[in-house]
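Counting from 1, one number per residue, gives the positions in the sequence shown under this note's numbering.
Keep in mind the hints are simulated off the structure, nothing from the lab. Bear in mind the structure is a predicted one, so any value in this text is a computation, not a measurement. Worth double-checking, as some hints may not be accurate.
Unchecked claim - The calculated lysine-lysine pairs, modelled on BS3-like cross-linking and capped at a C-alpha distance of 27 Å, are:
1) Lys-179 - Lys-68
2) Lys-13 - Lys-39
3) Lys-130 - Lys-80
4) Lys-80 - Lys-132
5) Lys-68 - Lys-130
6) Lys-194 - Lys-179
Said to hold, decoys possible - Simulated DEER-style distance windows between Cβ atoms:
7) Ser-33 - Lys-194: 39 to 49 Å
8) Ala-167 - Asn-208: 18 to 28 Å
9) Thr-147 - Asp-54: 40 to 50 Å
The C-beta atom is built at its ideal place from N, Cα and C for all residues, glycine as well.
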Amino acid sequence: MVSTRGGLAEEKKNQILGAATRLLTKSGLQSFSFEAVAKEAELSRQLVRYYYPDLDSLIADLCDHLGKGYQNLLVAGIVKVGQVERLEFFKDFFFGMAADHPMPDNLEVYDSLFSYAVGSELLRERLRAKYKTLAQVIMHELAIVHTELDGQACEELSFLFVSMMHAHWSFVATLGFSKEHNQITRSAIDRLIKSYIDDASCTPSVENPWACED
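Please work from the sequences and hints to get the whole structure.
Written out as structure tokens, the structure reads:
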């Protein structure tokens, strides 16, 4: 009986998070409220608030929900393409060039998450954790493929990779620039990596590229 209730709760939460994703994709934060989420989910406002007593907890859980979706797509894509060195697939995937493994059609949501994070320490922490995890994966793959790069170079490149990725999503998804720009950004990251390889003696710009303000 407990597991049944647990399964129902998970189902309702997924229904709410799916509705929140659609709402933010279509309308951004301007229309984000318990009433709007409940209407989109076809649930009562009271039920939504039963699972999420405040918008902070809802949007923080949404961040984790979206991250899990991307993780599942990445794992499925890696298995299907069968690449031992995964860096090329990661670059294709995150810059919209993996035709057989497209990203979810909800990139606009991340701009809404960043806007909301300005006033929410909880969401800032979740977003930092997600992007730092991705950075660690990129650093690992860079170190495998490009053994000539030291740890500092891989760390700086991971910061640049994630920064370019998010800015690219904003331009193409939120601002509506042509998806042909995927090729520009995808090629740019290759040239950036090559510049680090060509100048391996480059002095680090900062000690820790992923440091946060105290």
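Right, here's what the structure says about each hint:
1. Lys-179 - Lys-68: Answer holds: Lys-179 to Lys-68 is near 24 Å, not above 27 Å.
2. Lys-13 - Lys-39: holds, 14 Å
3. Lys-130 - Lys-80: holds, 24 Å
4. Lys-80 - Lys-132: holds, 25 Å
5. Lys-68 - Lys-130: The given pair, whose Cα atoms are some 10 Å apart, holds under the 27 Å limit.
6. Lys-194 - Lys-179: At roughly 24 Å apart (the allowed maximum being 27 Å), Lys-179 and Lys-194 satisfy the hint.
7. Ser-33 - Lys-194: 39 to 49 Å: For Lys-194 against Ser-33, whose Cβ atoms are near 47 Å apart, the range 39 to 49 Å holds.
8. Ala-167 - Asn-208: 18 to 28 Å: holds, 21 Å
9. Thr-147 - Asp-54: 40 to 50 Å: holds, 48 Å
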